[in-house]
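*Asks:* Okay, here's what each chain looks like letter by letter:
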Amino acid sequence: MTDLALGRPAADRDHVLRLLQTYGVYLGVAVLLLVNILFTPHFLSGENFRTQAVQVAPVLIVALGMALAIGSEGVDLSVGSVMALSTSLISLYLGYGVWVALVVAVLGGMAVGAANGSLVAFIGVQPIVATLALMVAGRGLALVLLPQLKDVRDPNMASLGSGALLGIPYPVLIAAALALLVAFVVRRTTFGRQLLAIGDSRPAAQLAGLPVRRVLVLVYVASGALAAIAGLLATARLSASDPTSLGNLMELSAITAVVVGGTPLSGGRVRIGGTVAGAVLIQLLTATLIKHDLPPSWTQIAQAVVIVLAVYAARERSKR
Amino acid sequence: MKSRTLLRRTSARTLLAVGLAASLTFAAGCAKSEDDASGSGEAASGKGDSGQVVAGGDGGATCAIDAYGGKKFDLKTATVGFSQSEKEANPFRIAETASIKAEAEKRGVRLLTANAQSQFSKQISDVQDLIAKGADALVIAPLNSDGWEPVLRAASARHIPIVTVDRKINAKACEDYVSFIGSDFVEQGRRAADRMIEATGGKGEIAILLGTAGNNVTTERTKGFKERIEEKAPGLKVVFQQTGEFSREKGQQVTEQLIQSKPGITGIYAENDEMGLGAVNALKGAGKKAGDIKIVTIDGTKGAVRSIVSGWIDGVIESNPRFGPLAFSTLDSFTRGEKVKQDIVIKDSAYTGKNAEADLSQAY
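Here the protein sequences line up with chains A and B, keeping their order.
Numbering-wise (UniProt numbering), the first sequence opens with residue 1 and increments by one.
Numbering-wise (UniProt numbering), the second sequence opens with residue 1 and increments by one.
Treat each hint with caution, since some may be false.
[Claimed, not checked] To list a few chain A residues with every Cβ distance to chain B over 12 Å, as calculated: (1) Y23; (2) L165; (3) A179.
[Said to hold, decoys possible] Beta-carbon label-pair distances, calculated as ranges: (4) A/A304 x B/E230: 17 to 23 Å; (5) A/L309 x B/R153: 32 to 38 Å; (6) A/L132 x B/G291: 46 to 52 Å; (7) B/K288 x A/F49: 33 to 39 Å; (8) A/I128 x B/D129: 31 to 37 Å.
Calculated from the structure, these hints are not laboratory results.
C-beta atoms are modelled at their ideal positions from N, C-alpha and C, and glycine is treated no differently.
Take the sequences, apply the hints, and build the full model.
*Replies:* Next up, the structure:
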């Protein structure tokens, strides 16, 4: 009798916990939206949602690449530096026209990604160490190329940053398209399956004859390309190239979005929907604290609390 | 199977080679940026660099070489070491270093330079290096105010005169160092408040874009501004203050949130030009017109002064980075045995709609 009475709630608790792990991030977003609708003046306006969407777009794009890297049981710390490199390259190559500059910037990001991937796949360096090296080198290279902030006056760049199609700003459209693309790649393509298999167990994937090295290199190339795209969108929006501060601490925001979204750091699973919601959650959290004029240190504390909660949920999951 | 592995290897190698080639191309310098044609040397040439003017009268403590210790020497034949705190990536630091270098060249002084890249431990070892390399006098732009004891002890043992610029060191003037030359940040805040009161008519709600938290520049520019507003314009209310971390991107993001949650705002005080320019971006994005919201900033960079001309920024309080002439003339007088002031506060000018166009060449 006592056993039964104790057993049932425990099972219920497990069930609730599992639900929270899977859908907690969506619940968080819903709660924050509700709180803001009730307590934040002028929150329910199209303009406000546009602002939040535009601000979250670069973080989200970077987080997509990060989700791939984390899904392969790695991590990409160089994303912030890739953004800085991308902004430097845009400024340097804008003289040839906007398309050339954009292509060069993305190629630059892919080159950094290729270097990351090669270090991880061929030389066997730990991802955290390999990408840390390129995080330092990338920012350095960006500053060598462009030592200080430079204004970007190209009208095409300006319209990329502030233009809109049917009322939806370009950065948001691009972020949404990339999220769908990455979700498709993870779920429906061989590459996606191979990535998850490698993330689950690299030795097993190797024994099964999967092209482990090629997939790993491609993962980091994709992450680099996505970070470079985020960098060029941020540049377009700022209408300036600022390699000193662009992308600072971006790797942490991206990892937070991915982890909060329910992708385990142990690899083998990627949740793109959760990652999108995770990025939105952090953005809404920051916006709420700023709109209510709370001290900036609170934002950091609130982010820390969210991360701890997410990690706690992940721990429960691995125990299961 | 074997051939497939080989193929895989080669494709990976090709990828690597392409990556390397691409990164080399970046460095090769086939770059062509937007305005290569139109005067890129403008910033470096430093036209209209009139140096700084000392504010105030003859008051304040002075220092002479007998009190500090050491012997008189001729600065012309001496070696001067300059330790810069942050990398020359923002207009202020670029103008500061350029001004020191230009003045050293003008006077024919041998100059040794070092840059601490925002790491305090590196700045300490930089200064020790400069002393070891035989610097007879030092000009230091300190990253922090505290933690200078070991270096200062080494310097004062050799009686090397030290002048600190833009930030003060917490140590005894005329004992550990000779003089401090810098702006009065509290006063800059007060003058920004005056400008804001004039622009808004002393009524309405205003926002502050703070600098980086825990930085004395932020604290003092905030203190001066708020004190003056309280004292002179009780009708002006500060309803919002958030950090923009002295960067344009953060300034833009915070302003975007601000104008949505508080649409009735009449003025924005940005504690540096970069955040002010970010605020301008945000206002443009929200469909505001130039002059709808009054922006007052501090620094005096070219970009901000140009924005005054276009009407987006109302006023810029200058924080003059051109320490070269004053630093060297102070060292020169001191080493000749004359008395110099321990605290040399410089006079900063201001840019408004009236003088922005004419004085654009003086902005840095």
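*Asks:* For each hint, tell me whether it holds in the structure or not.
*Replies:* Hint check:
Its beta-carbon lying about 28 Å from the closest one in chain B, A/Y23 satisfies the requirement of being farther than 12 Å from that chain. Annotated as non-interface, A/L165 keeps its C-beta farther than 12 Å from every C-beta of chain B; the closest such distance is 16 Å. Every beta carbon of chain B lies more than 12 Å from that of A/A179, the smallest distance being close to 21 Å; the non-interface claim holds. Remark: the range hint 17 to 23 Å for A/A304 to B/E230 is contradicted by a beta-carbon distance near 35 Å.
Distance hint for A/L309 and B/R153: a CB-CB separation of about 50 Å, inconsistent with the stated range 32 to 38 Å. In this structure, A/L132 and B/G291 meet the distance hint of 46 to 52 Å, their C-beta atoms being roughly 47 Å apart. For B/K288 and A/F49, the Cβ-Cβ distance of about 19 Å falls outside the hinted range of 33 to 39 Å, so the restraint is violated. For A/I128 and B/D129, the Cβ-Cβ distance of about 33 Å falls inside the hinted range of 31 to 37 Å, so the restraint holds.
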